[in-house]
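Given the structure of chain A, go ahead and fit chain B onto it with the hints provided.
Protein chains in written order, with my numbering: chain A, 4 to 457; chain B, 4 to 457.
Read the hints as simulated data drawn from the structure, not as lab findings.
Where a beta carbon is used, it is the ideal one built from N, C-alpha and C, also for glycine.
Among the hints, a few may not be true.
A few chain B positions that, by computed beta-carbon distances, are all more than 12 Å from chain A [to be verified]:
| id | residue |
| --- | --- |
| 1 | 10 |
| 2 | 14 |
| 3 | 29 |
| 4 | 48 |
| 5 | 81 |
| 6 | 139 |
| 7 | 164 |
| 8 | 215 |
| 9 | 231 |
| 10 | 301 |
| 11 | 321 |
| 12 | 407 |
Below 30 Å or equal to it, Euclidean Cα-Cα: the simulated DSBU-like pairs (lysine-lysine) are [stated by the list, open to error]:
| id | chain 1 | residue 1 | chain 2 | residue 2 |
| --- | --- | --- | --- | --- |
| 13 | A | 208 | B | 208 |
| 14 | A | 357 | B | 19 |
| 15 | A | 39 | A | 17 |
| 16 | A | 271 | B | 357 |
| 17 | A | 208 | B | 289 |
| 18 | A | 271 | B | 208 |
Ranges of calculated distance between the beta carbons of each label pair, as one might list FRET restraints [stated by the list, open to error]:
| id | chain 1 | residue 1 | chain 2 | residue 2 | range |
| --- | --- | --- | --- | --- | --- |
| 19 | A | 362 | B | 358 | 25 to 33 Å |
| 20 | A | 390 | B | 26 | 29 to 37 Å |
| 21 | A | 245 | B | 243 | 16 to 24 Å |
| 22 | A | 273 | B | 51 | 34 to 42 Å |
| 23 | A | 362 | B | 33 | 18 to 26 Å |
| 24 | B | 442 | A | 351 | 19 to 27 Å |
Spelled out, the chains give:
There are 2 protein chains.
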Amino acid sequence: MDESVQNEYFELLKFKSVGADPACFRDCVDCASWLKRWLGKLGFEGELLYPDAPAQDASAPRMPPPILFAERKGDEGTPTILVYGHYDVQPADPIDEWKTPPFEPTVIDGRVYCRGAQDDKGQFFAFLCGVRDFLAKDGAKPTIKVVLEGQEESGSEALESMALSLRRKLAADVLLVCDTSAASGMRPAIIAGLRGVSHFTVRLKGPNRDLHSGEYGGLAPNAAQAIAELVATLHHRDGSIAVAGFKDGVEPPDHDELRAAEVSTPSKEELESDIGCEPVGGQIGKTLVQRVSFEPTIEVNGIHSGYGGPGAKTVIPCEALAKISMRLVPGQTPRSAFEAVRRHLEDNVPRGMKLSVEDYTPGAAGFRLPLASPLFRLAENVLSEMDGRGPVFVWDGASIPVVSAIREASGAAPLIVGWGQAEDRIHSPNESYSFVQFDKARDWALRIVSAIVG
Amino acid sequence: MDESVQNEYFELLKFKSVGADPACFRDCVDCASWLKRWLGKLGFEGELLYPDAPAQDASAPRMPPPILFAERKGDEGTPTILVYGHYDVQPADPIDEWKTPPFEPTVIDGRVYCRGAQDDKGQFFAFLCGVRDFLAKDGAKPTIKVVLEGQEESGSEALESMALSLRRKLAADVLLVCDTSAASGMRPAIIAGLRGVSHFTVRLKGPNRDLHSGEYGGLAPNAAQAIAELVATLHHRDGSIAVAGFKDGVEPPDHDELRAAEVSTPSKEELESDIGCEPVGGQIGKTLVQRVSFEPTIEVNGIHSGYGGPGAKTVIPCEALAKISMRLVPGQTPRSAFEAVRRHLEDNVPRGMKLSVEDYTPGAAGFRLPLASPLFRLAENVLSEMDGRGPVFVWDGASIPVVSAIREASGAAPLIVGWGQAEDRIHSPNESYSFVQFDKARDWALRIVSAIVG
Chain A
4 MDESVQNEYF ELLKFKSVGA DPACFRDCVD CASWLKRWLG KLGFEGELLY PDAPAQDASA
64 PRMPPPILFA ERKGDEGTPT ILVYGHYDVQ PADPIDEWKT PPFEPTVIDG RVYCRGAQDD
124 KGQFFAFLCG VRDFLAKDGA KPTIKVVLEG QEESGSEALE SMALSLRRKL AADVLLVCDT
184 SAASGMRPAI IAGLRGVSHF TVRLKGPNRD LHSGEYGGLA PNAAQAIAEL VATLHHRDGS
244 IAVAGFKDGV EPPDHDELRA AEVSTPSKEE LESDIGCEPV GGQIGKTLVQ RVSFEPTIEV
304 NGIHSGYGGP GAKTVIPCEA LAKISMRLVP GQTPRSAFEA VRRHLEDNVP RGMKLSVEDY
364 TPGAAGFRLP LASPLFRLAE NVLSEMDGRG PVFVWDGASI PVVSAIREAS GAAPLIVGWG
424 QAEDRIHSPN ESYSFVQFDK ARDWALRIVS AIVG
Chain B
4 MDESVQNEYF ELLKFKSVGA DPACFRDCVD CASWLKRWLG KLGFEGELLY PDAPAQDASA
64 PRMPPPILFA ERKGDEGTPT ILVYGHYDVQ PADPIDEWKT PPFEPTVIDG RVYCRGAQDD
124 KGQFFAFLCG VRDFLAKDGA KPTIKVVLEG QEESGSEALE SMALSLRRKL AADVLLVCDT
184 SAASGMRPAI IAGLRGVSHF TVRLKGPNRD LHSGEYGGLA PNAAQAIAEL VATLHHRDGS
244 IAVAGFKDGV EPPDHDELRA AEVSTPSKEE LESDIGCEPV GGQIGKTLVQ RVSFEPTIEV
304 NGIHSGYGGP GAKTVIPCEA LAKISMRLVP GQTPRSAFEA VRRHLEDNVP RGMKLSVEDY
364 TPGAAGFRLP LASPLFRLAE NVLSEMDGRG PVFVWDGASI PVVSAIREAS GAAPLIVGWG
424 QAEDRIHSPN ESYSFVQFDK ARDWALRIVS AIVG
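The following block holds chain A by itself, in its conformation from the complex (with noise of 0.2 Å):
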């Protein structure tokens, strides 16, 4: 990589742009300008949008970082491509486990290591630098827009409630997404299929303040035991979800796509190696193509109660909380999803307890593509130059909750092609992406760009 280009790379990584988190707002909109700079000196006109009053509601009671949208108008008669990517990233906690500051960008063996650095910056912004490279050479020229949200890890709230409105601003014939996956080892790999993703918090009140375990032992309601039996009834013990309803409509893949995505699925040994312990989530009996790409999941992020620190603290917990997402797939909706599982909770709730879900934020629901589109021919063509091995078709287990409504939005056909790796870490400490993932995905828009064109 030329050092111009990495030093704009690492300039972009610098800004602590945790879009979930108020306190980096303020960043938000320092890298949300520095992109729009950026794309202005490749001839894009650029505006960053905020949610306008309706998005503004109990939901959202704080202004969400901005949206960047670009657009760069080209010659008649082309057609038009929409470019999506996320400048926000996950916190960078646990801090002390980095072990290089997370928003220094730091090269060792060719990768470099920063919060972001993958996910989702360092893929889109290989990807435009290669469209700059296709901007560079002669001949036609699409229209291209760019839109870079901020808001993608924490549910894309502010896109998702804005997209219709941005219809005619978002209409396009190609949707462009760079910000998933290669097989493994760099097999490239065309997404036909995401899941969805919502998530919310559960709280759980007991008594009026923390109680000496001694004096209230036997009489007062323990919120950490409470919080610990209602998150346990959520599943059976194996590992099924036990929520009624939660799995209603759910649409079973069909033999095509059960074995196009078994190619794609690491084995259960190198999944025990990437993640150092045996791959027993999920359900007893179901396949790991089953579990990750065609199964919902409800997913407990994080469960806190009482005291933590050194020593004991031999108390009564007066409060608990339990941070829920749940991974979503076709037939599912977002609502539907949640409303079970609501209903389920309210049912558990533990003897003395009060019970509040709060911070619920719908995300989207999952969806699968059709694997014989002219638009996969062309992406396997182009592809199949790249790496003879041509690429893989993945019903990928993660989600981009706004896709489906850009999708919805623009009326543009997905092509969702991305380089990351399970050494990239992404959402954990010691985030990276190596030069050669951030050369593929260059090289990958310069040619996906070029084939579009014709």
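Below, chain B without anything else, positioned relative to chain A:
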């Protein structure tokens, strides 16, 4: 209360003597040194004691707060009185729930608000002020020994390990302890029994890092879900303890004990207005007095895993911990109860998790004292002079782990009378102690020491 006493009391309260927190070690030493000087003015010879090598093993890797031992030789032929108290206090968190600074004594409506205002700085200091009043009088003076430790809130490990080697120092006829509550309405209460206490930390480790809940959801085991499911196995749905062998050998109370205990146990209504929720802890079908005085408990003091901050972090947590304490009754030993729980935890380790049980602190067994002892008669008379209603006998659900150890080492008969009330909120934010309570404790000390000397 005269101003000079209040100033001394407030000086004592300002020491951040959180014995469980290594960061507060210096404050503990300063606090003990202050008390040594204070007793010195009354003619006590004092010394700060630290455990010797044997206690410095893996279970106590750091230097514990010092034990203050002070002795004032008395006249020939008088009984020897041993006074026990603890100058350490519970941690102040959750800090932000304090209406006044936790280590800044603040007087509101005749109550002193401060961590330790009651438990136990306020109670033992009021008692020592009564001892000073006694010493100021004419007449025979007994030998008085004072032992004040700095680890009561976290298991009294140092003093317990040293008790036997301190036999000669501690040898006494009567052991006076002011670290408990009066019955509701400040009716005097003599402790006829205490529950024991032990505590430990449970840790689960699964994946080698926090994982992306989309990429790995359905594949990787979740430590937050696992700790919830593990903790939930400790109790049956009716609130009874589900740990095999935990209650083996428990000695049920006899009829006199049960009847006497009923007198001092608050009603369901009193409890509910005190704690702000239904008193539905413990086992359904047992009475309040059974549950708090004669039944053991397994209490979750804290549970922590994964993300708990603003917004969302959709991770699969890789690690989780639960801090657990047990209240024990006669017939259980700390070791037998702990081994039963450990076996239970090992038998129920969730799939994909590694279990470790850490920081086990044996604390002490529970005990019950004979109702018809001469010392109890003497105390009954004194307390009947102080309050026409006379004393009640209480089998306190709380613990003073070292009392049994000191009792054994000193050969003294324990007389445990304190002046706490539920509204003091010990162990909770906004702990307080009223001047009325302080003066009662001070008067009690003057009267009972006089009566013992006869």
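Status of each hint after checking the structure:
no. : hint                      : in the structure
1   : 10                        : holds, 29 Å
2   : 14                        : holds, 25 Å
3   : 29                        : holds, 15 Å
4   : 48                        : holds, 31 Å
5   : 81                        : holds, 35 Å
6   : 139                       : holds, 35 Å
7   : 164                       : holds, 16 Å
8   : 215                       : violated, 4 Å
9   : 231                       : violated, 4 Å
10  : 301                       : violated, 9 Å
11  : 321                       : violated, 8 Å
12  : 407                       : holds, 14 Å
13  : A:208 - B:208             : holds, 28 Å
14  : A:357 - B:19              : violated, 34 Å
15  : A:39 - A:17               : holds, 16 Å
16  : A:271 - B:357             : holds, 19 Å
17  : A:208 - B:289             : holds, 24 Å
18  : A:271 - B:208             : holds, 19 Å
19  : A:362 - B:358: 25 to 33 Å : holds, 32 Å
20  : A:390 - B:26: 29 to 37 Å  : violated, 56 Å
21  : A:245 - B:243: 16 to 24 Å : holds, 23 Å
22  : A:273 - B:51: 34 to 42 Å  : violated, 59 Å
23  : A:362 - B:33: 18 to 26 Å  : violated, 44 Å
24  : B:442 - A:351: 19 to 27 Å : violated, 49 Å
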